[in-house]
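Undergrad: Chains as they are written, first to last, in this note's numbering: chain A, 1 to 430; chain B, 431 to 820; chain C, 821 to 874; chain D, 875 to 1068.
Hints are not guaranteed to be accurate.
Here are the simulated lysine-lysine pairs, BS3-like style, with alpha carbons at most 27 Å apart [stated by the list, open to error]:
#, chain 1, residue 1, chain 2, residue 2
1, D, Lys-1019, A, Lys-354
2, D, Lys-954, B, Lys-662
3, A, Lys-20, B, Lys-439
Because the hints were derived from the structure by calculation, they are not lab data.
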Amino acid sequence: MFAHASLVLAVIVGAFLVAKLCRISTELSMFLAAVAGGLASGADLSLIRHLVEGTFTYFDVCLIFLTATFFMTLVKESGGVAFIVRRIVATFATRKVMCLLLLTLVMLIPGALTGSGAASVLTVGALVGAVLAAMGVEETRRVAIVFLCAAMSAAAPPINLWAMMAAAGANMPYTGFGLPLGILSVTGALFAMFFLAGGSKPVEVEKVLRALPEAPQGMGWGRVLAPFFLLALLVVAGRLAPFSMPVLGLPLIFLLCAGMTILLSPRKLPLWKILGDTVEALLPLVGIMVVVGALIQVMALSGARGLISLSVVTLPLSVLYATLFLILPVSEGMLQYAVAPLLGVPLIMLFNMKGLDPVVALSAMAVLWPLGDCLPPTAVVGRAAVLELGYKGNYWSGFVKTCLVPLAFIAALATLFLVYSARIGAVLGG
Amino acid sequence: MERRTLLVKALSLLITVVFMVVAGREFRAHRTFREPVVAGEGVTAVRTLGDYHPGVKGTVNDCNIYFLDSGKPGATVLVFGGTHPEEPAANLTAELFVENARVEQGRLLVVIRGNRSASTYTRNGEAYPTFYRIPTPWGEKTYRMGDRCSSPLDSWPDPEVYLHYPTKQMLAYMDIRNLNRTWPGRPGGLLTERTTFAFMELIRSEKVDVFIDLHEAELEYPVENTIVAHEKAQGVAAMTSMVLTAQEFPVPIGMEFSPVALRGLSHREVGDNSDAMSMIFEVAEPFLDRIRGITDEALLLEGKDEFVKKAGEHGLLYAPMDDSGWPIAVRVGRHASTVLQTLETFNTMETPERQILVSGVPRYAELVDKGLGAFFRDPSGVSEDRVFYE
Amino acid sequence: MITLNGLVTAAYYAMTALFGVVLCRNFFRTRNAQDAVLYCIILVPFVLRLLRVK
Amino acid sequence: MKEAFFVRRKNGRIFAGLALAAVFLFAAVAVQAAPIEPPIAVTTCGQSPGAVMVKMSCAQAKLMPTDSDNKLTADGLRGKGYKTLIITTGTSMKGMGAAGTDVNKEIARIEELVKAAREEGMLVVGAHVEGMARRTDASDEASIKAVMPLSDMILIIEDSDKDGFFTAYSKELNKPLVVVKDALGIGAALAELK
Chain A
1 MFAHASLVLA VIVGAFLVAK LCRISTELSM FLAAVAGGLA SGADLSLIRH LVEGTFTYFD
61 VCLIFLTATF FMTLVKESGG VAFIVRRIVA TFATRKVMCL LLLTLVMLIP GALTGSGAAS
121 VLTVGALVGA VLAAMGVEET RRVAIVFLCA AMSAAAPPIN LWAMMAAAGA NMPYTGFGLP
181 LGILSVTGAL FAMFFLAGGS KPVEVEKVLR ALPEAPQGMG WGRVLAPFFL LALLVVAGRL
241 APFSMPVLGL PLIFLLCAGM TILLSPRKLP LWKILGDTVE ALLPLVGIMV VVGALIQVMA
301 LSGARGLISL SVVTLPLSVL YATLFLILPV SEGMLQYAVA PLLGVPLIML FNMKGLDPVV
361 ALSAMAVLWP LGDCLPPTAV VGRAAVLELG YKGNYWSGFV KTCLVPLAFI AALATLFLVY
421 SARIGAVLGG
Chain B
431 MERRTLLVKA LSLLITVVFM VVAGREFRAH RTFREPVVAG EGVTAVRTLG DYHPGVKGTV
491 NDCNIYFLDS GKPGATVLVF GGTHPEEPAA NLTAELFVEN ARVEQGRLLV VIRGNRSAST
551 YTRNGEAYPT FYRIPTPWGE KTYRMGDRCS SPLDSWPDPE VYLHYPTKQM LAYMDIRNLN
611 RTWPGRPGGL LTERTTFAFM ELIRSEKVDV FIDLHEAELE YPVENTIVAH EKAQGVAAMT
671 SMVLTAQEFP VPIGMEFSPV ALRGLSHREV GDNSDAMSMI FEVAEPFLDR IRGITDEALL
731 LEGKDEFVKK AGEHGLLYAP MDDSGWPIAV RVGRHASTVL QTLETFNTME TPERQILVSG
791 VPRYAELVDK GLGAFFRDPS GVSEDRVFYE
Chain C
821 MITLNGLVTA AYYAMTALFG VVLCRNFFRT RNAQDAVLYC IILVPFVLRL LRVK
Chain D
875 MKEAFFVRRK NGRIFAGLAL AAVFLFAAVA VQAAPIEPPI AVTTCGQSPG AVMVKMSCAQ
935 AKLMPTDSDN KLTADGLRGK GYKTLIITTG TSMKGMGAAG TDVNKEIARI EELVKAAREE
995 GMLVVGAHVE GMARRTDASD EASIKAVMPL SDMILIIEDS DKDGFFTAYS KELNKPLVVV
1055 KDALGIGAAL AELK
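Looking at chain A on its own, in the form it has when it is part of the complex (with noise of 0.2 Å):
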């Protein structure tokens, strides 16, 4: 079984590769190293329906992904974007440490709410991004910023999906991990905005308002913080009051708020052409999402994940505890969510069996998974942050190289607080 596995992965990196080296997409590319990956373990007509089947494992998500992006692209086509960005630099360029904590609190909210980094990207990131700018903040550590803060968001509470499916695959309830989450996500996304744009130059507040667009005659405040209100008014009344309203569901909410900021927007929106435009913006995005399910089905079928687990969880503790900070973003990067039953679990149950406190421990190990979301070859939030911002810059070079001291911030961070989980738990939780 150990050789097959062995032998299944080798087909999959391999065929990864040379799809890679032949010019095929990173998508393409590891959806044939899917189909190798399964033909090579013996899978015979079934493993159609694997491949199939595995694409269903993020529908959910993509959903999110796309409303989402549609909600936020009907925004900025509204002129709402333009009216805040300039609204924010007007009054907050002059108060620069106000102004970045208010950034960091907009970039948290969709995150901690969703569960998903690129939820915040998608909604908030250009924006944000924009406000950034116009401080002066340099393109590649806007990037950074984003990326950064949409990854401490997603691992912010209340919803950090890796904690939850992690606990629910461990049969533990999803409580206890808002403060240590907090405590995790706030200070390394404020570390992260202010270690980057905390040296910015002060700027001309006039000549950067010259220099933004225009919002549209008729655009206010109430028109544009309606849809957001509604947003966060059918998010809040789903915690209030569950059992007097219908399970509407992230992807429905955003589309209801977009039908509001249709109904409100002073400009007539061309709708079709909005939503081909964000689903032609998020093929990357979602294609990784279908793609990726179908991979981890082949190796969940051949014992490739299994073998991946069972390499991690049989790992010296000490050295579990000196590479965790590199294996959890890693397996992030390739597998997405789905790490969070594949390493999550075992690795919650090891811990707590060695005596760590299982709720600080999962905590910790939920903060390092978004490290790894700009990491390939899904790097999901990393590309929707580029994405979203029209970086051009080198993606290794410059995206990644300006967010490496932040990343280690809040690895170590996340490391001391799982090695030392029992004593921290016991003041957490005393």
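Let chain A serve as the given structure and place chains B, C and D on it in line with the hints.
TA: Then chains B, C and D, alone, in the frame of chain A:
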């Protein structure tokens, strides 16, 4: 547009359609497959869940409730299978009781597929086989392999976070489709919540005294080979686990208290919301371990896996794992004996007129010796009105 | 409440159909062969969900 | 499949053969076990069901009165006339984290409890009655290592000592070790020690 691009488009569209047709046929066959069950001599009536709550009437979860009524006053016991259809020892044990049990005193109620919707879906990304087959003396008997949660085709969408009714405890979003997180249920909730509500109505109206929910668990999980008991069931569970460990099982069966802080589980909520004493039985299923190797029907039924065994060598498991694995007959055998022993223990703690007497069901040793299939009946060999479908 | 939840579910099928149509439209419009293949792959879950097959 | 592995013994009715099947008692090696006197209070360090098992088994053996209380505190023990305190070890982990057991809090409660038991002149028995299943993780170990050194004697079942841990540990602590075949036999074994 270039000819080459057009060609690629046409070809990829064709392949996609082929993929959708091939996979779609398999999905459809799985979703519409009907499992025949022969109502044994002990079965006196078969009702459906919709009889207890109109909110599930006519839905996919309007499952069969098998009544084995002795006609002689005594205790009422509900044996519940199929909460998680990815744990086949549960529904197979329940079916074993329906086809073989005779009740001499009291009433036995059996549910084979507690969450039928979940049994019509296999989990995305986990590569489950769609069917599994149990060999019997009269041929193979085929079963649907299901998921842990209800099908999204029957319950869509999920909330971004699931708040348990009525405690509002936060749980992962997909747990709103997990039958063992939605107890005691909500009459107007989503399908899975309505299903548990209907079962609570059944438990209350039929005055169930003992509720037994059958499960399987991965070996990495601490709650393994055990009985999880509500406060009301502690005495019965403790005694049952001691007797079985001392007298019947080579691998001990333990006991755990149902924690008060973990909501939505049957061992907690059924006990809290009815007069019944509630318990969950767990047995080891290596197929569920994330570290498992090749995922196939053989692993599901034989329970042998090198990767899981290796994890055991590293001391990472809560149940022993060797080359013998955890075959389905062993898993069903443990469940069958644990149910029977629980009833015997219950009887020793009750007055004679409150007891339940059940016979005809094989215990652990006999199941391991003869194999599970030996106790399933040929549906073609009985009259049609004795065959029911799950 | 059951009816309301039913309506929400219907809205999700409509949403799936809407994005399915846009995916098809983009598939036919794109001039990039690799994008076309990817659109096809993405379409699979949309179509099968819409047909209530998976 | 090795049949012997799966089939150890034909099953029997619970209580019929209980008296016979129950006990294999070999009291300890170097140190004499003290007599067990009722009334007995049973509690657990780790919220596992061991205490309930001990109580049930004692009830079967007519070793009465035996009360079990998993939350027993020093105040609940004082002045109640108990002669023996049995503390079972091994932790319950159903629902990890928020719904799990805080072993440090448990140990603090037990230390207070033993102090009170000493004041009352009671015999303190450290027990491990749920086999290797309760000797898997760090919490199990913490509860064992907290209770046994505070006890006058150690009571275990055979399955708990599969690796010889308790045999060696009781020698190290210089405490009498009572080994019972299985949990069902605990009551009868303790009755023998009366």
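Undergrad: Each hint: holds or not?
TA: Hint check:
1. D:Lys-1019 with A:Lys-354: Given that 27 Å is the threshold and the Cα spacing comes to 15 Å, the pair holds.
2. D:Lys-954 with B:Lys-662: With Cα atoms ~26 Å apart, D:Lys-954 and B:Lys-662 stay inside 27 Å; holds.
3. A:Lys-20 with B:Lys-439: holds (21 Å)
Every hint, counting from the list given before, is met by this structure.
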